[in-house]
Structure formats: structure tokens, C-alpha cells
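So the sequences go chain by chain: A and B.
So the first sequence is numbered by this note's numbering: it starts at 9 and just counts up by one.
So the second sequence is numbered by this note's numbering: it starts at -3 and just counts up by one.
Everything labelled a hint here was simulated from the structure, so no lab data went into it.
Each hint should be verified, as a subset may be incorrect.
Below, computed lysine to any residue pairings styled on SDA-like, alpha-carbon distance capped at 20 Å [unchecked claim]: (1) B:Lys(-1) - A:Asp12; (2) B:Lys(-1) - A:Met33; (3) B:Lys(-1) - A:Leu19; (4) B:Lys48 - A:Asn138; (5) A:Lys20 - B:Gly256; (6) B:Lys(-1) - A:Glu13; (7) B:Lys309 - A:Ser39; (8) B:Lys(-1) - A:Ile186; (9) B:Lys(-1) - A:Arg198; (10) B:Lys48 - A:Gln137; (11) B:Lys309 - A:Asn38; (12) B:Lys(-1) - A:Val28; (13) B:Lys(-1) - A:Thr31; (14) A:Lys20 - B:Leu5; (15) B:Lys(-1) - A:His22; (16) B:Lys(-1) - A:Glu194; (17) B:Lys81 - A:Leu155; (18) B:Lys309 - A:Glu201; (19) B:Lys(-1) - A:Asp27; (20) B:Lys309 - A:Arg198; (21) B:Lys309 - A:Ile62; (22) B:Lys(-1) - A:Trp18; (23) B:Lys(-1) - A:Arg113; (24) B:Lys(-1) - A:Ser21.
Estimated spans, in silico, between C-beta atoms of each pair [to be verified]: (25) B:Ser6 - A:Thr75: 51 to 61 Å; (26) A:Ala123 - B:Arg302: 31 to 41 Å; (27) B:Val25 - A:Lys20: 34 to 44 Å; (28) A:Asp12 - B:Leu293: 44 to 54 Å; (29) B:Val89 - A:Glu26: 44 to 54 Å; (30) B:Phe92 - A:Trp159: 13 to 23 Å.
Here a beta-carbon is modelled for each residue, glycine too, at the ideal position from N, C-alpha and C.
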Amino acid sequence: MNIDEKLQGWLKSHLTLEDVLPTQMPVYVNSMAYFFGTMTLSALMVVIGSGIIIAIFGPGWWHVSPTGHFFNSVHFWGVEVFYFGLVLHLLAKFFKAAWRDGRWRTWVIGLVTFAVTIFSGITGTLLQQNWDAQWNAVQGKDPMNALGLAWINAMDPGQLLTLHVALLPFLIVLFAAIHIGIVRSESPVRPIERSRKEEVR
Amino acid sequence: MSKRSEAYLSGVPMERYDMIREGLIVLSVVTLVIVLLAAFFGTPDYPTVTAKEVATKQPLLFLDRSLSYFSGQSGLQTYGPPYTKDDQNAQAVFGFISPARWVGVVSPVNAQQDLAMKPLERIAVLNPEVATALAAYKQASPDQQQNWIKNYAVALKKATDDNGKVILAQGDYGPVAGLMNGMLKLARAGLLERALDSSALLPYDLNNTKSLLFLEGPIENRVAQHLNELGSQWGMTNEMGPYPGAWWLWPYAFLYQLPGIVNSPNADLITGLIMAAAFFILIFLPVIPGLNRIPYLIPVYRLIWRDWYRRSKD
Ligand code: HEM
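Could you build the full structure based on these sequences and the hints that come with them?
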């Protein structure tokens, strides 16, 4: 068995260059309902970019430097826009029943990504070293404890920092890449046809 | 295109497209919007509440908290896992679903020892009065200790704060008044938090559990209420002030507004389980009969693909 040959074969049937960098789209892909995924992805890029800048200078930086404060604000508003896009994206896909024709995986991985981002948001909030972090740490610990998540200690910034800047973003980027990879591989789901037969799944 | 896409799209007319160009345009616009929002609105950065500040501005409140830890009567003393072994206060539903119990004590905290005795022992090194008081307290019988604490607690309720000086009626407090004064001084010196968090990892400890726990409860609730951030005020979905926060947690915060839930001692577990269930419903929605028909019953899709339907009609 030639592994490279196998992989080539797999790529040819699952993800060709035309899938990765498409030069044509089905004509039905021409509405706002396709915009929000790209918007979410763009906001995610801004969040990661500003996060990298803050990470270079350390978590205390933005409290003492106006430049740092600006990048923290970009990070914060990036997250707001990210979720704005994400909620609209989810609604758009829901109303398109975009899980049809075997696209359930895309739906599930999208939601799993969403779930991981929630923990990103929480750990980020708790890292701010200001009142909001202090208050949310003691508030947030009770649900975490009750749900058996006490091994993630909302009052241990060392643990939160590593989760927030390393593990969680890694998972988010990985899942988002798989999500979009599958979308490109399977191509956008066809419009719902009014003949009732093929509607479900 | 991949073979399966080719099969899937057979018969569908295609249009010229440039994904990267479109992506870059969206990225530029989104970046611009975010930068403008950041530049105009910034971010809230309200300073932390420190023990120093509380001990200086609200000494009675501070002493009340210190006494509750010192006396072993604080809620934290019987919190249950992950802090203490006794688990009658661990949240549970139907009696047996109790993830907190399953996980156990992963972050042990003995409030009396960790939040009162240990800092007092540190103060004793610097302050001979506190050293004498601490020795006297330790030598006394448990009954005697409780008596002093009780007398002091009653007097503290009627004590007044004269510009930071605590005025307490004469009474039989034994060494307790001196010890509590020691805590007050340590906090006013700005040393309390570090005295609490010291662990075997000093000076590298990155964990603030104990100092954060010390100020939770009545002290921080006052600040939070003032800033509109209590749980009953949808606190978790907003940052302080007019800033939006995690508004996407709105459904979660909503559950905390329901009296039936928020008044339960198991509120956090109940809301958490409801959210977990909701998440699984979302995951399986495509195969849940009824729910997966909603997009057909509320035909937003006709709007989304209106050009396509018009085209196929022609
Ligand atoms: C980090 C979060 C996410 C990112 C960055 C993201 C990104 C994208 C992008 C760029 C696309 C292709 C463009 C489009 O159709 O809009 C897409 C498609 C899709 N997304 Fe997401 N998404 C995320 C989360 C979700 C969630 C939470 C769901 C639903 C539960 C979801 C469901 C889908 C579906 C079903 C498609 C395929 C649409 C089709 O076949 O036409 N995604 N996503």
C-alpha cells in the first residue's frame, strides 16, 4: 500500500483544489443566509489576532497601556460581533434545514465549536484581573462546582490562562477548520424542494 | 470538484465565483466595524475590590466576614465538594444526581484555618499583641472560645464606625477583639490577599482561590448590586455599566429569573442540566420528529432561496 497514493485518492474524491478554492458556486448560493458563516469566521480571525497581540505583552498590559486597552477592546468587541454572526448563522442554517442530505455532521461540529467558544468566553472574562473577573469568578464557581467541573477552578488564573490562550483556541480553530472543510467537501446543501418526499434528512 | 460534490450538484447551474476575494471583503468590513466599536466604546475596566479597601471603608462589614471565618460558622465551612468533605450541601437533583459529590474535594479549603488562623499566625510574628491574644485563645476551652465569639458577634452588630475607627461597647471578648483587630490591620496594610494565597508553590503560585473566596458573599454582593450585576439582575450576561457582555448566555441567565429555580438550593445544577439538555436537543434536532419540521412550517427558506424558486418556476 502506498500511503501517498491513498491520500491522493481520498483528496480527489473528497477535497479537490476546486473545493478548497472554488471558482464557481451553485446559483442558489446568492443570499444573506450564506454571509453569516463568513462573518463569524472573520470575527474569529480578529479575535485571535487581537488575542495574540495581548498574549505577547501579557495579561496585565492592557490595564496600564492605552494601546493595550485598545487591543483589549478589539478583542472584546470582536467576540460580540462573533456571537452576533454565530447566532444569525445558526438561525440561517436552521431555517434552511441545512442538515439535509447527510449534512448532520456539519451541524454537530458547528454546535460543538459553539460549545467550546462558551468556555473560551468564560475563561477570558475570568482573566481580566478587574472587578468583572473577580465577581464572575466567585459567581461562576458555584455552577461549575455543581456541574462537576470543579477541576476547572474559576479562581485559579494560572489554569484559566493556559486554557484560554492555548487549549481552547486550538480546539476552536481545529473544529472550525473541520466544519468548513466538510462544507467545502460536500458543497452547499440544495434548496428545499417542495415535493415533500425528499425533504427530511 | 470532489466526486461527491459533482454528483450532488449535477444539473444545478453554476456561477463564476471567487471565494477568497469575497472572504477578504467580508473580513475587511468586519474588522473595520470591530475597530470602530472598540475605538468608540472601549471596554470596562472597573478595579477589583480589595481587602484593604473594604477594611478601610467598611470595617464593620470586614470584621463581620473575618469573624464568620474565624468562628467556623461561615457558609464556606460546610460548602461541600470541591472545598470540604461533608457533602450534605452539595447540589443534587432527585437526590442521586450530584456531579459535585462524584468529583469530590479537588480544591480543599478549611475556611477557619485557611482564611483566619493562618493569616493570624502570620500577623503574630509581626505583632506581639496578636501573638499573645492568639496564644490565649488557643489555650482556652472550646466553650470559652465560643462564648467570646458570641459576645463579640453581638457587640459587633451594634458597633459603630467613626471614620474608620471601630467603636465597640465594653464586653467579655477575651482575645477575640484583639485578633479581629489584627485581621483588620493586616488587610489595611494590603497584605491579606497574599497572606491567604501562600502555598507550597510560593513565590510562583498562580492560584487565587482563597483570597477570592474571602471577599465573596455580602461584601461583593453590595458592589455587584450597585453595578447591576447580581444573578437576579441578569448579571452574567452583561459586563458592568452599559456594556453588553455574554448576551448569548441569555437563555441561561433567564432560567435564574424563574422563582421556582432560583429559590432552590440546587439552582445551579438545575439550570446547568437544563442547558445541557437543550444543547443535546439542538445537536439531535435534525432527527427529532416535529422539531426538524419547523423550517418547513415557518418557510423562511422560501425567502432565502427566492431566486432559485423563481428560476425553477420559469
Ligand atoms: C465557530 C463557529 C462557526 C464558524 C466559524 C462557522 C463557519 C461556517 C462557514 C464559513 C460556512 C460556509 C458559509 C455559510 O454557509 O455560511 C458554514 C456552513 C455551515 N455551518 Fe457553520 N460555523 C460555525 C458554527 C456553526 C453552528 C453553531 C452551526 C449550527 C448548529 C453551523 C452550521 C452550519 C451548516 C449546517 C453549514 C452548511 C451550510 C450549507 O450546506 O449551505 N455552523 N459555517
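Against the structure, the hints come out as follows:
Proposed proximity of B:Lys(-1) and A:Asp12 is supported: the alpha carbons are some 19 Å apart, at most 20 Å. Simply put, B:Lys(-1) and A:Met33 have alpha-carbon atoms about 15 Å apart, close enough for the 20 Å limit, and the pair holds. Between B:Lys(-1) and A:Leu19 the CA atoms are separated by roughly 10 Å; this keeps the pair inside 20 Å, and the hint holds. Annotation: proposed proximity of B:Lys48 to A:Asn138 holds, straight-line Cα distance about 15 Å (limit 20 Å).
Pair hint A:Lys20 plus B:Gly256 does not hold up; C-alpha atoms about 57 Å apart against a cutoff of 20 Å. For the given pair, B:Lys(-1) sits about 17 Å from A:Glu13 by alpha-carbon distance, which is consistent with the 20 Å threshold. Of the pairs offered as hints, the one joining B:Lys309 and A:Ser39 holds, with about 18 Å between alpha carbons and a cut-off of 20 Å not exceeded. Distance check on the hinted pair: B:Lys(-1) and A:Ile186 sit about 19 Å apart at the alpha-carbon level, within 20 Å; holds.
Note on B:Lys(-1) and A:Arg198: the hinted pairing holds, with a Cα-Cα distance of about 16 Å set against a maximum of 20 Å. Annotation: proposed proximity of B:Lys48 to A:Gln137 holds, straight-line Cα distance about 16 Å (limit 20 Å). Pair hint B:Lys309 plus A:Asn38 holds up; C-alpha atoms about 17 Å apart against a cutoff of 20 Å. With a C-alpha separation of about 14 Å, the suggested pair B:Lys(-1) and A:Val28 falls inside the 20 Å cut-off, and the hint holds.
Taking the CA atoms of B:Lys(-1) and A:Thr31, the gap is about 16 Å. The hint holds against a cut of 20 Å. With a CA separation close to 16 Å, the supplied pair A:Lys20 and B:Leu5 stays within the 20 Å bound. Taking the CA atoms of B:Lys(-1) and A:His22, the gap is about 7 Å. The hint holds against a cut of 20 Å. Distance restraint check for B:Lys(-1) and A:Glu194: the Cα-Cα separation of roughly 9 Å lies within the 20 Å cut-off, and the hinted pair is therefore satisfied.
Pair hint B:Lys81 plus A:Leu155 holds up; C-alpha atoms about 17 Å apart against a cutoff of 20 Å. Restraint check for B:Lys309 and A:Glu201: satisfied, since their Cα atoms lie roughly 12 Å apart, inside the 20 Å limit. Using a Cα cut-off of 20 Å, the hinted pair B:Lys(-1) and A:Asp27 holds, with the two alpha carbons roughly 10 Å apart. A distance of roughly 16 Å separates the Cα atoms of B:Lys309 and A:Arg198; the hinted pair therefore holds under the 20 Å criterion.
For a cut-off of 20 Å, the pair hint linking B:Lys309 to A:Ile62 is broken: about 54 Å separates their Cα positions. Straight-line distance between C-alpha atoms of B:Lys(-1) and A:Trp18 comes to about 10 Å, which keeps the hinted pair within the 20 Å bound. Under the criterion of a C-alpha separation no larger than 20 Å, the hint pairing B:Lys(-1) with A:Arg113 is consistent with the structure, at around 19 Å. For the given pair, B:Lys(-1) sits about 5 Å from A:Ser21 by alpha-carbon distance, which is consistent with the 20 Å threshold.
Separated by about 54 Å at the C-beta atoms, B:Ser6 and A:Thr75 satisfy the suggested range of 51 to 61 Å. Between A:Ala123 and B:Arg302 the CB atoms are about 33 Å apart, so this pair conforms to the stated range of 31 to 41 Å. For B:Val25 and A:Lys20, the hinted distance range of 34 to 44 Å is satisfied, since their beta carbons lie about 35 Å from each other. In this structure the hint that A:Asp12 and B:Leu293 lie 44 to 54 Å apart at CB holds, the actual value being about 50 Å.
Taken as a hint, the range 44 to 54 Å holds for the pair B:Val89 and A:Glu26, whose Cβ atoms sit roughly 52 Å apart. Distance hint check: the CB atoms of B:Phe92 and A:Trp159 are about 21 Å apart, consistent with the given range 13 to 23 Å.
The structure fails hints 5, 21 (numbered hints given earlier, in ascending order).
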